[in-house]
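Colleague: Chains as they are written, first to last, in our numbering: chain A, 1 to 92; chain B, 1 to 808; chain C, 1 to 249.
Derived by calculation from the structure, the hints in this document are not laboratory data.
Owing to the predicted nature of the structure, the values given are computational and were not obtained by experimental measurement.
We treat Cβ as the ideally placed atom computed from N, Cα and C, and that holds for glycine.
Mixed in with the good hints, there may be bad ones.
[What the hints assert, rightly or not] Straight-line C-alpha distance at most 25 Å; calculated SDA-like pairs for lysine to any residue: (1) B:284 <-> C:222; (2) B:530 <-> C:180; (3) B:137 <-> B:434; (4) B:530 <-> C:208; (5) B:256 <-> B:741; (6) B:68 <-> C:180; (7) B:137 <-> B:530; (8) C:222 <-> A:50; (9) B:68 <-> C:106; (10) B:68 <-> C:202; (11) B:68 <-> C:217; (12) B:111 <-> B:79; (13) B:68 <-> B:529; (14) C:222 <-> A:26; (15) B:594 <-> C:188; (16) B:68 <-> C:222; (17) B:448 <-> C:208; (18) B:435 <-> B:250; (19) B:68 <-> C:108; (20) B:418 <-> C:107; (21) B:418 <-> C:208; (22) B:563 <-> B:425; (23) B:68 <-> C:145; (24) B:68 <-> C:102.
[Unchecked claim] Covered stretches of chain B (chain C as the covering partner; in silico rule of three or more C-beta atoms under 8 Å from a C-beta of chain C): (25) 190-196; (26) 214-225; (27) 562-572.
Residue strings, one per chain:
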Amino acid sequence: MPVLGLVIVLDDDDDSTQRRVSGALASAPDLELGEAAAHRLPVVLESSSARMAEERIDSLRCVPGVAGVDVVYADFQDLLTRSPRAAAREDV
Amino acid sequence: MELDRRNFVKLAAMAAATAAANRTTTASAAVPNLAPDPTPDPALSGVSWDKAPCRFCGTGCHLQVGVKDGRVVAVAGDPEADVNRGLLCVKGYHVGLALYGQDRLTQPLLKQNGRQVPISWDRALDIIADRIQADPKGFAFYGSGQWTIAEGYAAQKFMKGGLANNHIDPNARLCMASAVTGFLAAYGVDEPAGCYDDLDACDVLINWGNNPAEMHPVLFSRVIDRRSRGEDIQIIDISTRRTRSTAHAQHYLEFKPQTDLAVANGILHQLIANDSWDKAFVEKHCAFKADSDPPALHGKSISFDEFKQGVAEYTPERVEEISGVPARDIRMLGELFGRRDIRITSLWCMGMNQHTRGTAINTLVHAAHLLSGHFGKPGDAPTSLTGQPSACGTAREVGTLSHLLPGGRLVEKAEHRKQAEEIWNLPEGRIHDKKGYHTLKMFEQWCKPAADGGDISTVWVQVTNPGQTLPNRHKLFDPGVADPDKFLIVSDVYPTATTRDADLVLPSAMWVEKNGMFGNSERRTQQWFKQVDPPGDSRDDVWQTIAVARRLHDRGFEGMKDKDGGFLFRVEKEGGGEVPIWDWKHFRDVNVDKYLFDEYRAFSRLKHKDLAPYDEYVKARGLRWPVVQQQDGSWRETRFRFAGFDDPYVAKGKDFDFYHSPTNDGRAQIWFRPYEPPPESPDAEYPLWLCTGRVLEHWHTGTMTMRVSPLRRAMPNAYVEMHRDDARALSIADGEIVRIESRRGTIELPVWIEGRGAPPRGSIFVPFFDESRLINDLTLDAHDPFSKQPDYKKCAARVSRIGESSNA
Amino acid sequence: MPEPGTPFSGRLVALLAAAVAAVALIGLVTGTSPSTYRAKRAPSRERPNAGLVPPARSHAELERRPWGDGPADSSWNESREVAARAEVREEPDEKTAALAMAQRAARRAFDGAPPVIPHPVRAGGAAECLACHAEGFALAGLRASPVPHAGYASCTQCHVSSSASFTLLEGNAAADVETSWRGQPSANGGIVAYPGAPPAVSHSTWMRERCESCHGPEGRAKLQTPHPDRRSCLQCHPATGGRAGASSR
């Protein structure tokens, strides 16, 4: 079960955008929202697999008021098996 | 337990996300992250690093030089250096490549029957000693602002102390001399009061005939990068041609060549007309001057009313008439200088110095800053830049000019000669009491046959290339080469336009192949250690000088002995006993640089240019003089001279003190100097202004940078910049090779329209780096009456299509 | 977000506080390159110096000066001839990372040297360069790398064109310097601590703090990251050479 620390970048740093995005995400069971700083909202995402996490991040990017999402922390303790992508990385 | 771990991970994730979200940096202000290095960098394994200042311009960037297996393999900007903060320019990044051209000179060469053939060092030293002994008064030393401090100091002592001969002058005469006379006339002592910190604080930057985007790129980006951080800086480009610096300026004021004097007078006029001059500052700290009759460096004192009358003529409309700069722009400048709420820094370099009125325009820009009080506060400074890495350190401070002794002393002042004789332990009266020949006179006398009074028979050139850089070469260089009685000795690292005509060529070590010290444009003295071996049998210039001195000493030449009979360059081992540093095998037994520098230090106090002991410079990325020892034994540098808040030589309680004032009353001098027309202007026969200068990629005559692949590929040869309309009028196409002529010479070059720079109608520009196309065959040798610096920036020329009559 | 410490004993709280501080510090030091935020925002608001980018030119002018005032000119990749002259051409598919590195090295005198520009450049304004190189692009075999270092405005101070754009005198067209210079090459891949571990960064990160410049979608194929959505590169890939040149003095 990966745990990710995300920064959601908002379109604007006014209160209404913050409220709108927080409202849309507050009820999501896989997210925990932190304290927004200007136009950045820190969030923790729990996901069942790396692929699910990627898809969930993509879906967050589509939430109205969201300009972008950045992954700033990841814990893959549960996923010790090597993915083909990780193997590909090594011959670089 | 699993739940705990998971909560722990989530908490860490939230902490990281919150920290990232709270970062306050903005996109444009990202600061490079300098995390400590936990493990070695595999790309750079086996590379050892050491500091060195850059070999090229006067900015004085510090590098980290990467050495592997005895060769330089990489260069990085030094993030710990105040000057450049980790950044370099394209020349600096590639300076390491300059050591490895395949045609490095590696053995002494003697011209025999028109061919240069290898000889031994022993023979070379004998030949030089023979020439000197045959005519010690006819021997001249032509040096350089690229000399290290030790090299310049040794040559100075060898000539003035050893040969009792003052015919030693550096190429800085062609480069910085008018800045020196400007500082002397205004403040009574040479070199800028401000420093590069002004560039971080100024609100307005004025470039006077100056293109720092190409010539001092690191200083220019230090200003314009502030814009990337959201700061508002106004850049005003006062120039005769559009350059890369113009692209970053809000205001471009284009003046007709020579009329910068009218522009500066226009500012002075406006300050008085608007009653916006800084009365408190001027009344307390300034006095007024104008030219005397006959003209002298320090002119005559005048009253404020006389000054006012002098500048009264220079109304904005009158200045527009003279200079072509619109009256509204003169008013804009006048208003800016009249404001007390902004900080103004002026920068200049060759545009103001290579000028037949160079001293005059230098003093006028100082006058604008003094009269308006834009002086001595961080960001308020009139600052001249140097083109060479040690024009300040070696030419100006060591005083390798024909009229100077070290530390700002004059050869024509008995007291100063006596001080030098004492420090050098020479018998009284050894130093000759008349100044020697300045550069132009030196080469004029070398080119003139002995029978006609040409009393210079031999010139030894070190670390410079006069065969390419002297103005009007056909007059000042070629005849000496052709005269079989005249002899030319050249120490250099590559074949150049000078070595190819030399009678004796000596191969030199360069940059990190030797120990060295430079002094940059902001009074910063910098030190480095030898990091790689010089190739073949090439040897340090300072050794060459000392070895010749020793050869003369061994032949019984009295001048090479001090008053106790010891060798002029006697170096004692720790614990006693002389080290034979003249013997190459023993030259590196001691650090000769350290020995010479610590001796030279004794000269630095007179003009309050105090230097710290050598070992302090080993620890620092350079120190700006005066460097004064503190109560606790530490050494403190000075950023702002004459300013009470920083300069230790300003008495407590005073806000300013010009303690070397030419009027001996602590006052700086505000000069009035009228505009006067140039010695040669375009006419019907030669209708164009010719300006010469440098380009970003090449350093001066290109002897180093033309051997650096990325630089040569980007800029392989010279060209002539021309206005489209001028080209069209002559039916010349962009890229066409044309003939350029002046009254003194001819050259053929490709036309580049709207190229690197863009001159206005009626003027052309040619860079001087290309040794295959010597533009100095065309330039004028007219020079400033005080500084003796020639004007490379304006003479009359014409352009014609090849194959057509040149009068077409 | 639970209050820190609620599920834990007091002793663990202290431990946690240290851990959080450490993580926060890592976040602060290595954090995402702020410029990466820009790509996701509306282009109209984010285009740097939009007002300074030169306007489009007339067709007559395009013919006379195909490069106009720089690569920002709209015609610049329409002319095959110009592209060929500028050496901005489709590069062969890089079969191996080594080949990609070799192509990269051809534009650099040593590891850490500023690369040369494979097309003509004209004036000195940063806006012209950033029109393509702010965010970078890869299109029809042409590739513009995003600038890896933020905050510098005088691009041509360090980067020069790989060839001159004015008439060359005889002998200069093919001339290169004769030199024995051998620059320090870039390393081929970083240290991998154990199988599966993220490889360490194999080069200095000084002036290269924006990883996607080379490793993002606009980078050479074999140098690209397999996970472009992860933006905090140094979090997993340890920076080994914070900068070149840590001398003893």
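Colleague: Now tell me, hint by hint, if it's right for this structure.
Modeller: Hint by hint, here is what the structure shows:
Of the pairs offered as hints, the one joining residue 284 (chain B) and residue 222 (chain C) is violated, with about 69 Å between alpha carbons and a cut-off of 25 Å exceeded. The straight-line distance between the Cα atoms of residue 530 (chain B) and residue 180 (chain C) is roughly 20 Å, inside the 25 Å bound, and the hint therefore holds. This hinted pair checks out: residue 137 (chain B) and residue 434 (chain B) have alpha carbons roughly 12 Å apart, not beyond 25 Å. Taking the CA atoms of residue 530 (chain B) and residue 208 (chain C), the gap is about 30 Å. The hint is violated against a cut of 25 Å.
Annotation: proposed proximity of residue 256 (chain B) to residue 741 (chain B) holds, straight-line Cα distance about 21 Å (limit 25 Å). Under the criterion of a C-alpha separation no larger than 25 Å, the hint pairing residue 68 (chain B) with residue 180 (chain C) is consistent with the structure, at around 14 Å. Distance restraint check for residue 137 (chain B) and residue 530 (chain B): the Cα-Cα separation of roughly 35 Å exceeds the 25 Å cut-off, and the hinted pair is therefore not satisfied. The suggested pairing of residue 222 (chain C) with residue 50 (chain A) holds, with an alpha-carbon distance near 23 Å, which does not exceed 25 Å.
As the CA atoms of residue 68 (chain B) and residue 106 (chain C) are separated by approximately 21 Å, the hinted pair is consistent with the 25 Å bound. For a cut-off of 25 Å, the pair hint linking residue 68 (chain B) to residue 202 (chain C) stands: about 18 Å separates their Cα positions. For the proposed pair residue 68 (chain B) and residue 217 (chain C), the alpha carbon gap of about 35 Å is over 25 Å, so the pair is violated. As the CA atoms of residue 111 (chain B) and residue 79 (chain B) are separated by approximately 47 Å, the hinted pair breaks the 25 Å bound.
With a C-alpha separation of about 16 Å, the suggested pairing of residue 68 (chain B) with residue 529 (chain B) holds against the 25 Å cut-off. Restraint check for residue 222 (chain C) and residue 26 (chain A): not satisfied, since their Cα atoms lie roughly 41 Å apart, outside the 25 Å limit. Of the supplied pair hints, the one linking residue 594 (chain B) and residue 188 (chain C) is violated, its CA atoms being roughly 42 Å apart against a limit of 25 Å. Between residue 68 (chain B) and residue 222 (chain C) the alpha-carbon distance is near 29 Å, which puts this suggested pair outside the 25 Å criterion.
Taken as a hint, the residue 448 (chain B) and residue 208 (chain C) pair is broken in the structure, with Cα atoms around 58 Å apart against an allowance of 25 Å. Note on residue 435 (chain B) and residue 250 (chain B): the hinted pairing is violated, with a Cα-Cα distance of about 46 Å set against a maximum of 25 Å. Note on residue 68 (chain B) and residue 108 (chain C): the hinted pairing holds, with a Cα-Cα distance of about 18 Å set against a maximum of 25 Å. Between residue 418 (chain B) and residue 107 (chain C) the alpha-carbon distance is near 58 Å, which puts this suggested pair outside the 25 Å criterion.
About 57 Å separates the Cα atoms of residue 418 (chain B) and residue 208 (chain C), which puts this hinted pair outside 25 Å; it is violated. Between residue 563 (chain B) and residue 425 (chain B) the alpha-carbon distance is near 6 Å, which keeps this suggested pair within the 25 Å criterion. Restraint check for residue 68 (chain B) and residue 145 (chain C): the C-alpha separation of about 31 Å exceeds 25 Å, so the hint is violated. Only pairs whose Cα atoms come within 25 Å are accepted, and residue 68 (chain B) paired with residue 102 (chain C) is accepted, the gap being roughly 21 Å.
For the region 190-196 of chain B, the proposed coverage by chain C is not satisfied: 0 residues have a C-beta within less than 8 Å of a C-beta in that chain, short of the threshold of three. Look at the region 214-225 of chain B against chain C: 6 of its residues bring a Cβ nearer than 8 Å to a Cβ of that chain, three or more, so the hint holds. Coverage of the region 562-572 of chain B by chain C is violated. Counting CB-CB distances below 8 Å, 0 residues qualify, and the rule asks for three or more.
Checked against the numbered hints above, the structure violates hints 1, 4, 7, 11, 12, 14, 15, 16, 17, 18, 20, 21, 23, 25, 27; every other hint is satisfied.
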